[in-house]
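Undergrad: The residues making up each chain are set out below.
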Amino acid sequence: MRDAEPAYRRWFLVRGGDFAKAGAAACEIKELLKELGFDAATIRRTAIVSYEAEMNVIMYAREARLDLTVTPGEVRLTVDDRGPGIPDVGMALSEGFSTATAEMRELGFGAGMGLPNIRRNADAFDIDTEVGRGTRLDIAIRPDGRAP
Amino acid sequence: MIVLKDVLALLEAELLTPKASPEAPCRGVFASDLMSDVLASAEAGSLLLTGLANAHVVSACSVADLAAVVFVQGKRPDPGVVAQALSRGLPLLATKLSMFEACSRIARFIEDGGHAGR
Chain A
1 MRDAEPAYRR
11 WFLVRGGDFA
21 KAGAAACEIK
31 ELLKELGFDA
41 ATIRRTAIVS
51 YEAEMNVIMY
61 AREARLDLTV
71 TPGEVRLTVD
81 DRGPGIPDVG
91 MALSEGFSTA
101 TAEMRELGFG
111 AGMGLPNIRR
121 NADAFDIDTE
131 VGRGTRLDIA
141 IRPDGRAP
Chain B
1 MIVLKDVLAL
11 LEAELLTPKA
21 SPEAPCRGVF
31 ASDLMSDVLA
41 SAEAGSLLLT
51 GLANAHVVSA
61 CSVADLAAVV
71 FVQGKRPDPG
81 VVAQALSRGL
91 PLLATKLSMF
101 EACSRIARFI
111 EDGGHAGR
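The listed protein sequences correspond, in order, to chains A and B. Numbering of the first sequence is given in our numbering, commencing with residue 1 and proceeding in unit increments. Numbering of the second sequence is given in our numbering, commencing with residue 1 and proceeding in unit increments.
Derived by calculation from the structure, the hints in this document are not laboratory data. A hint or two may mislead.
Said to hold, decoys possible - Just the calculated beta-carbon pair ranges, DEER-fashion:
hint : chain 1 : residue 1 : chain 2 : residue 2 : range
1    : A       : 90        : B       : 18        : 31 to 41 angstroms
2    : A       : 106       : B       : 5         : 30 to 40 angstroms
3    : B       : 24        : A       : 18        : 28 to 38 angstroms
Ideal placement from N, C-alpha and C gives every residue a C-beta, glycine not left out.
Work out the full structure: start from the sequences and follow the hints.
TA: Rendered as C-alpha cells:
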C-alpha cells in the first residue's frame, strides 16, 4: 500500500505520577478510531497499547508526548518520554520482569507485562532508550495485521 | 456464555449501575486483581471478577472491551468510579462472596450448561 496522507493527527501530554489521568489518551483514541470506522479488534489493540504506554510513563518517567497518526492502512503511536531510560531492554521486554514499587502494584499494575503486551499487540514495534535521557517507542497497528 | 441477570442471582450481587441491561451477555470470565493481566490476557466481552475497586479497573476494562465487572469480598468503588463506569457503559456489580466462592459458583453454572440448580 502506498503512503497515504494522514487522515488524522493528534498528540497528548502524559505526566509522570499522574495516576488519576491514566488511560485518558487511550479512551480518547478509542472513541476517535470508532468515529473513523476502524474495526473492533484494531481499536482494542490500539487502546491497549496506548494504555500500557501511558501507564509506563506515569509509573516511571517525568513526562511524555504521545503522538497518534492515523492513515487508512495504519495507526501509528509514538511515545517519547523524558525519564530514566531502560538499562536492559531485553529484560524489560521479558514477561514478568518488573521494577514496580509496592504502591504501583497496589493499583493493579507493575506485573511486568507492559512492554511485552505492547509488543504483542503491535504489528511493528521499535524501542530506543538511553539511560538518564528517556525512552521512545514507535508502534504501528494495521487493521489487516495479526490479532494477538 | 452467561448473562448479567444470571451473575446477579448466582453471586447474590448488587447492580451498582442501574441502567445496565440484565440480558447483557458475557462471552467469557476472567478473575484477577492485576489490571496488567486483564490487559494482557482477558478476552474482549468477558466478565471480570476482581478484588480491586479503583478507577483503573474501569479504565482497563473499557480499554480491553470487557463486558462487566464484579467486585468481590464486599469491596465497593467510590461514587466517582461508578460515575465513570456509567459514562463508559460498563456495568458494575458488587458481591459479598469471596473471590473463590464467586468463581466456583460461576464455574458450576457454566459446567452445568447454564442451568445450575440454585
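Undergrad: Is 31 to 41 angstroms respected by the C-beta to C-beta distance linking residue 90 of chain A and residue 18 of chain B?
TA: 49 angstroms, violated
Undergrad: Within 28 to 38 angstroms: is that where the Cβ-Cβ distance between residue 24 of chain B and residue 18 of chain A falls?
TA: With a Cβ separation near 32 angstroms, residue 24 of chain B and residue 18 of chain A satisfy 28 to 38 angstroms, so the hint holds.
Undergrad: Between residue 106 of chain A and residue 5 of chain B, is the Cβ distance one that fits in 30 to 40 angstroms?
TA: Taking Cβ atoms as reference, residue 106 of chain A and residue 5 of chain B lie about 33 angstroms apart, which means the hint holds.
Checked against the numbered hints listed earlier, the structure breaks hint 1 alone; every other hint is satisfied.
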